[in-house]
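Trainee: If you want the building blocks of each chain, they are given just below.
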Amino acid sequence: MKQEIHEKSIDTASQAMLWKAREEGMETVWDRYEKQLPQCGFGQLGVCCRNCNMGPCRIDPFGEGADKGVCGATADIIVARNLLRMIAAGAAAHSDHARDAVLTFKKMSEGKAGSYKIKDETKLLSIALEYGIPAEGKRCEEVAAELAHALLLEFGKQDGNLLCAKRAPGPRLKLWTELGIEPRGIDREIVECMHRTHMGVDNNATHILLQGLRTGLSDGWGGSMIATDVQDILFGTPQPRRSTVNLGVLSREKINVIVHGHEPILSEMIVEAAEDPELLKLAQEKGAIGINVAGICCTGNETLMRHGTPIVGTFLQQELAVITGAVEAMVVDVQCIMPSLGELTGCYHTKFISTSPKADFPNTLRMEFHEDRAYEIAKEIVRAAIENFPNRIPEKVNIPEEKRECMVGFSVEAILSALGGSPDPLIEAIKSGAVWGIGAVVGCNNIKVMHNYGHVTLVKELIKNNVLVVTTGCNAIACAEAGLLLPEAAELAGDGLKTVCKALGIPPVLHMGSCVDISRILLISSALANRLGVDISDLPAAAAAPEWMSEKAVSIGAYVVSSGVFTVLGTVPPVLGSQAVTALLTKDLNSVVGASFAVEPDPFKAADLMLEHIDEKRKALGLESRR
Amino acid sequence: MKDVMIRPERCLGCQSCEIACAVAHSKSKNLFSALEENPASKRRISVEYLPGPEISIPITCHHCEDAPCVSVCPTKALSQDSITSIITHNPERCVDCWTCSTVCSRFVSLYQLILVMGCWTSSMNHNRGVINRQAEAGIKCDLCEGRYLPACVEACPTHALIFTEVNDI
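Order-wise, the sequence lines are chains A and B.
Every number in the working numbering is 6 more than the matching position in the first sequence, counting from 1.
Every number in the working numbering is 39 more than the matching position in the second sequence, counting from 1.
Keeping only pairs whose Cα atoms sit at most 25 Å apart, straight-line, the calculated DSS-like set for lysine-lysine is:
{"#": "1", "chain 1": "A", "residue 1": "K41", "chain 2": "B", "residue 2": "K41"}
{"#": "2", "chain 1": "B", "residue 1": "K68", "chain 2": "A", "residue 2": "K611"}
{"#": "3", "chain 1": "B", "residue 1": "K66", "chain 2": "A", "residue 2": "K611"}
{"#": "4", "chain 1": "A", "residue 1": "K364", "chain 2": "A", "residue 2": "K113"}
{"#": "5", "chain 1": "A", "residue 1": "K287", "chain 2": "A", "residue 2": "K385"}
{"#": "6", "chain 1": "B", "residue 1": "K41", "chain 2": "A", "residue 2": "K8"}
{"#": "7", "chain 1": "A", "residue 1": "K454", "chain 2": "B", "residue 2": "K68"}
{"#": "8", "chain 1": "B", "residue 1": "K68", "chain 2": "A", "residue 2": "K8"}
{"#": "9", "chain 1": "A", "residue 1": "K437", "chain 2": "A", "residue 2": "K504"}
Bear in mind the hints are in silico, worked out from the structure with no lab data behind them.
Input sequences plus hints: build the corresponding full structure.
Mentor: Below, the structure written as structure tokens:
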């Protein structure tokens, strides 16, 4: 199966860089995918098990060969165990990110991380209040120290449940308690997944999956939510602002520093260092007119949301950015960073700088990041980029023209303020049918889907049908590249949504942040449900991850569905080898948590599924519905 | 004539060829949909463990018309149905002489491997009943008519199966 370049991405800037890659003989993720085809059937179905050394075992999905592993595990057990491990890995990634944010917060409160300070006091005080920390008569740093201590306890909590999860609407919380899936300590849930999937422990598919839901919840209402809260306190709660996206944001005349990965802790400092007069002067000495910090993936989203720093692209554009030949430094932290960047950056002048104590890659310049010297290290990194500018090879530079403007920064606080301080106007619009429902569209790029096609097509279908879309992660970047994050994009929306967007001056697609910021979507859903006096599962809302690929997305799926939101997946999860697990995820969960998954690779049909679901929920609430 | 050739030294026993074969012979030709078909799609290739040389190899029989293996078999352990051209193997008559393998494009490489390894404890019984199972089920390797490459060859991650001119060997 040989794909033509125009079949690989809907984005013309990306296509241009794929042509350049071909001319220069550069290998990209698309080439490596072709070499993997056809992919292993056992793996796609989730029926191989490597959990003990009596194996590896696999089940014959067509029923002729082995129907059990050596230990006697059936396809149901193997598929469920594998899925649980995916959830555990995803929850671990989000929650470990959160832990680092809290540790930075703690050091800041102790005066050991001088580069950081409290940017959002109001949020600090309101969260401290939630955690039962009295603020009267205390300095902000004292409150912060107590809050950091309380937050850290959430990770290693040995008894009781997560405090953050209490933010869920009453009926939802009650349901979790009844099902025994109210999340406990964040680390505990992840550890328990690994224990349960060890040889000879949990061997009941349903029982295993319930732990999957609980672990997901410990991510969404725990790790991810804590990450969002703490990052808002440290770096500011996002407010609407404008910026630009796509490969065209790279500059011909400036030093291009790309921040790629998932955490804002270092990138915040890099954004600051790029404005340092000393470094700006050095940049000029080296022949550049300035320093251009731009993002990829969620590190990019974090700085975009808070500073309007431009975004170079989505997950699948990370190699294409290097191929422009105009990147002085690709600075990475953790998650979704392709190890292939090592070899690729070696073919250009780009310095590949790895910074996380946890994550190194082939052929990197190692500049390990520590909070106590945050700003100094950020300056060293920017300096390395500046000093690399003269090495740029002019014949190899080709920056695509394409860049789009976008409006971002829709935190829950910003949305409520746009609505005049309460969710009521939105609820009224939903009741009147002007806004037919809410669609949460999130997730990665996946090489199995034409780049951004799933994202953009689905979102356009939703807004056309008056569904207000909230987005995070790579979906948000994809929408931005397609011009959907502009108030002008309201022209593409149905009449009802168009009127609402124009009245409020907002785009029909609201960028709510990075992938940990899906916690913001949970909170806005809770606010709507509470105001209506219903559960989240009663809302005319649906979610989708049209191009998901990472384990984090599996954890997100687990908590979004457990929170009561119907979710359509655009790529097939590795579970179809078990009919029982497939039925549980796509049907039976409905009677357990009031929501389930669907798998639909065609974005038009996926939109139909979401619209159908929204209609049913509208009908149940006694609102106007189409069918 | 092109045929599927087996390169046993490359086989890691992953059984990807089996799945690809079953999918290629299903109604829908799609992994995920094929699982729901009834009757289940039957594969024409089987990865079998050979205890003698301690290797796994994919075994598949094309049940050739005018099958050379049948004509060279000195003990008539191999026989062919004159109408369906389906071949059966009678292990009781088989004396492990490997003569058949020297004329079968699919088995010749295994034969050569066995020669190199000097593992004479194993034999044509190495088809592990695959040929007879296919005969009973009335199925045979059809080289995936209509496909550019047989599905098993396409699926093999280590190129233990190749599709090539037999005369080139």
